Amino acid sequence: MDDMKLLRDFGAALEHEPPASLARQRNRLTGARPRRRRVGLLVTGLAAVATAAAVAVPTLVLRGHQTVAPPAGARPAKVTTGALNVLLVGTDSRAGSERFRNGARTDTILLVHLPADRKEITAVSIPRDSIVQIPRCGALPPRKDMINSAFNQGGLTCTVKTIETLTDVRIDHMVEVDFLAFKEVVNALGGVQVTMKQPVNDPKSKLRLPAGTSILNGEQALGYMRLRNYGDGSDMQRIKRQQVLLRAMMAKAKKTLTDPGKVSAFLGVAGKSIKADKDFDMETMVDLATSLSDSRPRFLTVPWVPSPDDPNRIVWKQPAADRLFARLR
Amino acid sequence: MITQPATRGADADLVSASWTQPEAFAELFDRYSAMLYRYVSKRLGPEPAEDLVGETFLVAFARRRSYDLAYADARPWLFGILTKLISRHRRTEAARYRALLRAPVEDRVDSPADRVAAGVSAQAARPELAGALAALPTKDRDVLLLIAWGDLTYEETAQALGIPVGTVRSRLNRGRRKVRAALGETNPLLDEEA
Chain W
1 MDDMKLLRDF GAALEHEPPA SLARQRNRLT GARPRRRRVG LLVTGLAAVA TAAAVAVPTL
61 VLRGHQTVAP PAGARPAKVT TGALNVLLVG TDSRAGSERF RNGARTDTIL LVHLPADRKE
121 ITAVSIPRDS IVQIPRCGAL PPRKDMINSA FNQGGLTCTV KTIETLTDVR IDHMVEVDFL
181 AFKEVVNALG GVQVTMKQPV NDPKSKLRLP AGTSILNGEQ ALGYMRLRNY GDGSDMQRIK
241 RQQVLLRAMM AKAKKTLTDP GKVSAFLGVA GKSIKADKDF DMETMVDLAT SLSDSRPRFL
301 TVPWVPSPDD PNRIVWKQPA ADRLFARLR
Chain G
1 MITQPATRGA DADLVSASWT QPEAFAELFD RYSAMLYRYV SKRLGPEPAE DLVGETFLVA
61 FARRRSYDLA YADARPWLFG ILTKLISRHR RTEAARYRAL LRAPVEDRVD SPADRVAAGV
121 SAQAARPELA GALAALPTKD RDVLLLIAWG DLTYEETAQA LGIPVGTVRS RLNRGRRKVR
181 AALGETNPLL DEEA
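For the protein sequence lines, the chains are W and G, in the order given. Using UniProt numbering, you'd call the opening residue of the first sequence number 1 and step up by one each time. Using UniProt numbering, you'd call the opening residue of the second sequence number 1 and step up by one each time.
Note that these hints are calculated values from the structure, not bench results. Just so we're clear, the structure is a prediction, and the values are computed from it rather than from any experiment. Do not rely on the hints blindly, as some may be mistaken.
Calculated lysine to aspartate or glutamate pairs in the EDC-like style (CA-CA distance at most 16 Å, straight line) [said to hold, decoys possible]: (1) W:K255 - G:D30; (2) W:K144 - W:D279; (3) W:K252 - G:D30; (4) W:K5 - G:D151; (5) W:K204 - W:D310; (6) W:K119 - G:D51; (7) G:K178 - W:D232; (8) W:K119 - G:D151; (9) W:K78 - W:D168; (10) W:K197 - G:E47; (11) W:K78 - W:D310; (12) W:K183 - W:D92; (13) W:K252 - W:D172; (14) G:K84 - G:E55; (15) W:K197 - W:D232; (16) W:K255 - W:D235; (17) W:K197 - G:D51; (18) W:K78 - W:D172; (19) W:K206 - W:E120; (20) G:K84 - G:D51; (21) W:K183 - W:E219; (22) W:K144 - W:D2; (23) W:K204 - W:E184.
This is chain W alone, in the form it adopts within the complex (with noise of 0.2 Å):
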């Protein structure tokens, strides 16, 4: 009889895997950072922009992907130092639904930011209920309003002056995921893994979840993506779980692409309804995917305040934000 043995042997049966939220507290590590903390940036994540450039974003390159024209008129000065800024945005706008041409919004805004040397990525969340100056777009009148309104009347290529305008951060490339591609490029990557602290039942993002580890189909994981009904139902929070989704599908990605032909019979299936615009081609996303390979990316938040108008908005917080998007330019 071997008493370490049947040591181990006990120890086995009560070891656990560690969940995806792990990486959570690789986020306190790296936010414990003082630098950052003097920054005062809400630093949330850490590998999200990766899935967004090496999972979504080569998906439209395969396929004759619909392009978007860039906005008209005067637009902040192109870096040459090789750094790209890339805006992603997911709308729920649904592929071949006549009814939703016209009525999507952005419900999620990122911007990646790409250094010359692809080390250190960063990509901000731009909470949709951010009120700002949206300017004059097409036939549009400049207004004051929620941010996400920009892409809802004048389509990506509005958000994108938006943006721009607000930020003086020229956008080199823009992308857009709807509901379908986000589905399909879950699915592809056959699953991904999240932990909640307390169990789902929100008929509005139509998810049901236990409590505890689950494994979310395309599906559910674009519920959980949507979901609002949670926690303290805030923007915030929101944002928030969409870093977390992001992260365990880029370590999902990480587990299941691990060849050149298993990551092309990924690209295969998930880039159906992906848009961009058109400088954005095979070459240059290859090239971009290959350079991302050891990059650091890290999630930030817009600095934000609650809006003096309305406590559910938010309004940025200057000059906090403007120093962000500084760093940027």
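Could you slot chain G onto chain W? The hints should help.
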């Protein structure tokens, strides 16, 4: 873009790199967070494990300048910090083992191959093992479990706990003796034969 690099530097290199580039420290998390998580999950269950792993790395990060670069492997250092943090949960841990005395453990490993030579399966011996662990003094339990569940060597355990190797041996022997006594008193094999 997906595969891990074929070679990797020593942990000590990462720690010293983090003195000037704090980002480098995150790599240590990537290397060892899962391992530490599994270890805590055995001792305290999955609920507090996530937080404790996070805290371990926060403490380690704060102390990274006092790391002795002569040790290439950072595992003993991290296990040492984790052990101190676990000791704050002493009561939770003992209560957990006592609960295991009564409730059957969910089976993860329970195949005939796991039966030991003497024919006493770990599963059958669980109540005795749990009881013995609950009754062990913390110091002896730390040593026993760092070796049995953390897979550290005697030297690494000594380093983790900041004690001489001789002390590791004596604590381990004491712990094992008590475990064996617990197993011997109610041997499931004998019960089966009776």
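Here's how the hints hold up against the structure:
{"no.": "1", "hint": "W:K255 - G:D30", "result": "holds (14 Å)"}
{"no.": "2", "hint": "W:K144 - W:D279", "result": "violated (31 Å)"}
{"no.": "3", "hint": "W:K252 - G:D30", "result": "holds (15 Å)"}
{"no.": "4", "hint": "W:K5 - G:D151", "result": "holds (12 Å)"}
{"no.": "5", "hint": "W:K204 - W:D310", "result": "violated (23 Å)"}
{"no.": "6", "hint": "W:K119 - G:D51", "result": "violated (28 Å)"}
{"no.": "7", "hint": "G:K178 - W:D232", "result": "violated (50 Å)"}
{"no.": "8", "hint": "W:K119 - G:D151", "result": "violated (35 Å)"}
{"no.": "9", "hint": "W:K78 - W:D168", "result": "holds (10 Å)"}
{"no.": "10", "hint": "W:K197 - G:E47", "result": "holds (10 Å)"}
{"no.": "11", "hint": "W:K78 - W:D310", "result": "violated (36 Å)"}
{"no.": "12", "hint": "W:K183 - W:D92", "result": "holds (12 Å)"}
{"no.": "13", "hint": "W:K252 - W:D172", "result": "violated (28 Å)"}
{"no.": "14", "hint": "G:K84 - G:E55", "result": "holds (11 Å)"}
{"no.": "15", "hint": "W:K197 - W:D232", "result": "holds (13 Å)"}
{"no.": "16", "hint": "W:K255 - W:D235", "result": "violated (30 Å)"}
{"no.": "17", "hint": "W:K197 - G:D51", "result": "holds (14 Å)"}
{"no.": "18", "hint": "W:K78 - W:D172", "result": "holds (8 Å)"}
{"no.": "19", "hint": "W:K206 - W:E120", "result": "violated (36 Å)"}
{"no.": "20", "hint": "G:K84 - G:D51", "result": "holds (14 Å)"}
{"no.": "21", "hint": "W:K183 - W:E219", "result": "holds (6 Å)"}
{"no.": "22", "hint": "W:K144 - W:D2", "result": "violated (74 Å)"}
{"no.": "23", "hint": "W:K204 - W:E184", "result": "violated (21 Å)"}
Comparing the model with each earlier hint shows violations of hints 2, 5, 6, 7, 8, 11, 13, 16, 19, 22 and 23; every other hint is respected.
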